Structures are given as C-alpha cells and as structure tokens.
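Colleague: Those protein sequence lines, which keep their order, are chains A and B. Under this note's numbering, think of the first position of the first sequence as 1, with each following residue one higher. Under this note's numbering, think of the first position of the second sequence as 1, with each following residue one higher.
Treat the hints as calculated values from the structure; they're not laboratory data. Just to be clear, a hint being listed does not mean it is correct.
Said to hold, decoys possible - Derived DSS-like pairs (lysine-lysine); straight-line CA-CA distance at most 25 Å:
id: 1; chain 1: A; residue 1: 120; chain 2: B; residue 2: 74
id: 2; chain 1: A; residue 1: 189; chain 2: A; residue 2: 144
id: 3; chain 1: B; residue 1: 74; chain 2: B; residue 2: 133
id: 4; chain 1: A; residue 1: 144; chain 2: B; residue 2: 188
Predicted model only: the values in this text are computed from it and were never measured.
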Amino acid sequence: MTLADKVADIAARMPSVSSQTAVFVRREGTQAVVSIGTNTVSIPLAGWSPPVPGMVVQVEWRNGRPLVTGPAATLNEVGVITGTGSPRATVTVDDEEYLLYMRAGYTPTLGDTVTIDWTKGIIEGAVTGLDDPDHPDTPAPAPKAFSGLVVRAVDSGRYQTSWWGKDPWASTSNDGIWVYLSRLRDALKGANVTRTEIFLPLQQELGLAQIGLHSHSSIPAGAPSIGSLVDLPLGQRSGWQLLPASWGNWLRDNTGGIGVHAPGGSGFSKWAGVNIDSLSGALRFSGTR
Amino acid sequence: MRQHSPQLLEVLSGSFTRRLFVYVFHGSDRLDYELAFESWSLDGDLGSAVALSGSGTVVHQSTAGESLTPVGTKGVLSPFRARLELVMEISAGQFVERVSLGIFRVESVPEARDFTADVNGQETVIASRVTVKLLSLAEDIRRWGFRFPESPPSFVSCYEELRRITEMPVEETVPDQPIPASTVWEAKQGGRLEAVQTLADILGGVAVVNSVGAWEIVPDEVGEPVATIRLGVQGTVLDVGNDIETDTVYNEVVGIFEDEKRRPIHAVAEVTTGDLRVDGPYGRHTRYYASDLVNTSTQAQTAVQSILDLSIGSQMYDVAIQCHVNPLIELGDVVELVGWTRPLVGRVVTLSMDSGALMNVSLRVHRDL
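Just need the whole structure built from these sequences, with the hints factored in.
Modeller: The following block contains the structure:
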C-alpha cells in the first residue's frame, strides 16, 4: 500500500460531523419533532427524557444522520409563578414564560418561588427560600513580568535650521531625534514599565551630551523640542543604555520619542541613523503586564 | 512596507549593488558580528502558520582563531539561542542604505564546517561556514503552548489579548474588536499560534510578524497601494488568470447561528436581480455559513448579506510576477504593478527572493464580476 493509498483510505473513512441547535416541538415515540429554520423535521432522540416544547435542543449530524442529543443549554430549575390556573400554571424562568403542569397538591400563588423538574416539565412546588452561597472572590490574575520587549525606531534625523540626513547628532548646532509613530503606545498599552533602555550606535563622542523626551510621532517640519533632559556621560553613549525609570510609562501614555542634545553647545557626539543601523534608537522595556 | 528614505526608492528603480549580511542576537542583545550571508533565500506565504522561512550560509573569517560552528546548545550560531537579523545593504555611488529584512529564529543547522591552517605550529581556525535554516519569530509562539485551557482575562480588546499571549510588540493596523465571550484557548501543540490566528480572524485579517519583530494584522480587504512594482527589461508577469471560475460564486447564503442562550437564529440572503438572480439562468448556488461571532438576528442578517456581497461582488485571483529585487516589499503589502498591459493592484500573498537579481511575488487581485 503506497502512502497515497493510505491517505486516501483514511480520508474515505473520515466521518463528516456537524452540529446545530433546534427548537423542540413534541415527542413521537423515539423521534423528536424539532423546528429548524422554516421547517419542522423528525429526528431520532438519544437516550434522554424529552423536555417541554420550546426548549432548545442540540442536533448532531454524523455521516448525514441527525440525532437530538439533549438540551442545548441548561435551564434554571427555579422560577416564579406569574399566572395561576389549573391544571397548568405560568412560570417565568429567566425572563421566559412556560405553561407547565404541577405536582398534585400544590396550589400556585402569584409570586411563589418554585422549583421545576425539566425532565418532566412539572412544577414541583413552592420553596421557602434558596441558598445563595457566597462565592469566594476569584483573585485577579497576578501581574506577569516581561523583559526584553524591543520596539524599533521608525525614523531618525538631525536638525540644524533644517533636517539633514538620518544620523542623530548632539553638537553645537545640531539636535537629533528618533521617532516611533504609534509603535511605542501600541506595544506598551496595559503594561507597567519598570526599566527602559535605548540602543545607541555611537560613531563619535566628544564633550557634553544629554538625552531627553520629545512629543513628535514622526520627523517634524521645524525644530524638535526635546525636554526632560538628563546627562549622557562620556563612555555611556554606546550600546544599550539605561534611561530614567519614569520614561517607559510616559512613552506608554504619550505620543513621543527620544532626542539628544548638547547642553550649552559644548559637545559633538554622533550616532548612526536607522538607515544604517536598524537597531538605532530601539527601546528595550521590562515591566509587568 | 519596510522603512526607507525617499532617496532609496529612486535608487531601487535604477542600477544599484546589493549585499546581504546578518546580525546575531542572543535574546535582545546584539553580538558584535556583521557576518556575510551567502546562497540565501527567503520565502513567504501569507497562508501558512509561520509565514516566513529562509536559509543560507553564514561565512565568518576568524580574527583570533574563534569558530562559529555551534556545539550543542553553545556557540554563537547555536539554534538553541541564536536569532538572525537579515540586512540588505543597497549602494549606488555615495549612497548607502541598509534595509532590515526581519529577525528570524535559527531553526536548524544542517551543515557547519571550520577551516583550519597551521599558525605558529598550531592548528587554528581561520574561517567557519555555517548553513542555517530560518523561520519567522511566529515559530516562537507556535512552539509555546498553553499549559492548561485558558480564557482571556478580559474580552474587551483583541489587541490586549494578543499582547498578553505573545508577550511581543503589537502594531494596531486595523480597528480593535471585542472577543466573543465563549472564547477558550486550547492547550495543545501549536495552540498559542492558533489563538493568535483566531484573534486575527476576529479583527478581519491574518496575523504576521513584521520585519521589526512586531505582530501586525494584514487585513483581508485590499486597501490603498503602498508600493509600486516595476516591470523592467527582465521583469515580467509570469501568469495572469483570465479564467472564469463559478465554483465560489454563491447567490444564496444560509446562515446558522445561535444566540447567548443557544437558541437558533437562521438568516437567508439571496440575489433577486441581475444576471445572478436565483431564478435566473445561473440557477441557485447555496452556501452555508456559521460563526460564533454572531448572536443577534440583526447581526445574522448583516453577516449573510456581507458573505453574499463578497461572493458575487468580485473574484480573487493570483497573479505571479517576476520583477527586480525590491527589499522594501513585505508580505501583506498592497502593491501596484506598473509597466504591464493593464494596471493591477493587489496584496502580496507569496514572496520569494534569493541572491539573484530578480524576485518572485504573487499578488492577490480582486476582479469585478
């Protein structure tokens, strides 16, 4: 037997199965008459006592043969009498009215809380009360820690009276920024960020440099405005560098990105832009979610 | 479409040189290597569970006798820890730009070899060649199962759940939707990736990991084109379907749904006018439709009507195209084809490129009936 024959054999013996729900109309011996769409059909019953008309039942199709396997949903066994009468009374269960027989000896009174035996469709009688046990509080899922969530910059640039190339510089007359469109907010929504790092592909460092936040989602037309500046000491301007702890949550809640600046114009540091180093300006987050 | 400068688009339409190299990541840390990548290929198919796969040979010239051949779980390129970022460098004259093709998981190392030479009386590694097979980062999620069946802690947002179950960045490319209340994720092999695709279904698309390592949803509808494919001297359209297929043109849709109490809801939509009317010469062609997302009769009618409109509105067909390599085109991009007998706009559903100058893509194009 070749593999193809085996596969064909398995496929031929695979049963076709589907299921749907229908409304129970009545029982005729071992058949259940159910209504599906605009039609009424008679389908064999699996071994269970048929319920009251109007109940939703489960119809399973196996290799083209249907079978009513049971009620599709559990009905509430407790209802309230909303209409009296004899031999049947109206009982409302979960906002739906049913007209049911009663156990002998029970006289329905409006507003009675009663129990119902759904296998026979009979009101069993009034109850004096129902236990409503206190459900223990399900504890909220504990926040899960995450780390190493990397979001890359969309674009970068340097500004000196206008935008020049993609390498961010922090120098006498240049400011540099990285922008992220909505990537940071999309990635961080719902998280509590405890640690934020930035990847800086250093090309040259000299003098003072500062790093800060800006609120541009893409490269603006004019000068960038970089705030919340902190010092970026010599020797800490390359590779993954830690940023202030509060910046992660700020970037989660606000549109913005990271910028570099030379305070007092007394520095000259350059980094590769996103067109040369794809990890340039990438931010790495740790926290809980 | 991958990020780029405006100049790169001009360069790509002219003559340029290409070079492919890889960065090696262990976790989110990038190692100090920029390794040549030879005989490479990259294949994408929007229909498969892990959309992108690739292969190639990493070539490294040792500077201090080091070897890149993986030994068990150790070694720079060990499939037990390495992720590779494929980067294509485009240069033309003074212009240089690097385009990241994406981050991949090293799935296997079919072959690895060190070359040695006698240096000062000692046998020393002078070069390594390591052949690797790569898979998109979706493979991480495919391998990671749910321990036990699990339902979302909140049914408000598909994106929130996507972030929770993947623990990866997510880019919100289509409007958010609530999750149906009966959703339970199954604990089985590949269950987490199936959960991701279920969420993508609810959002109306396919989930893929893009070139920056974030999940995004490629919508089912063809939107505005973001890129242009040019047919040059060598580029050509290989195959365009002109066939007319009626097997998927339904003019009657029967919807079978349930409300929250599992009561059946049935809805029917049919075409009553035009060439495809149900009592016309085309005859009846019935389609059955069921969905857990529908639980009111209004929703049911809307759902069957939209299935009917989709079925009779247009036919989808795939156009196979061979064109010049354009590293900016990603799986799922809507692109416009120019330079052929008629203009075409479609979504990139398969893509394959390699060391050669041409690449193959197929576009899924809608054609009005």
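Colleague: Hint by hint, say whether it matches the structure.
Modeller: Outcome of the hint check:
no., hint, in the structure
1, 120(A) to 74(B), "69 Å, violated"
2, 189(A) to 144(A), "14 Å, holds"
3, 74(B) to 133(B), "17 Å, holds"
4, 144(A) to 188(B), "22 Å, holds"
When each numbered hint is compared with the structure, a violation occurs for hint 1 only.
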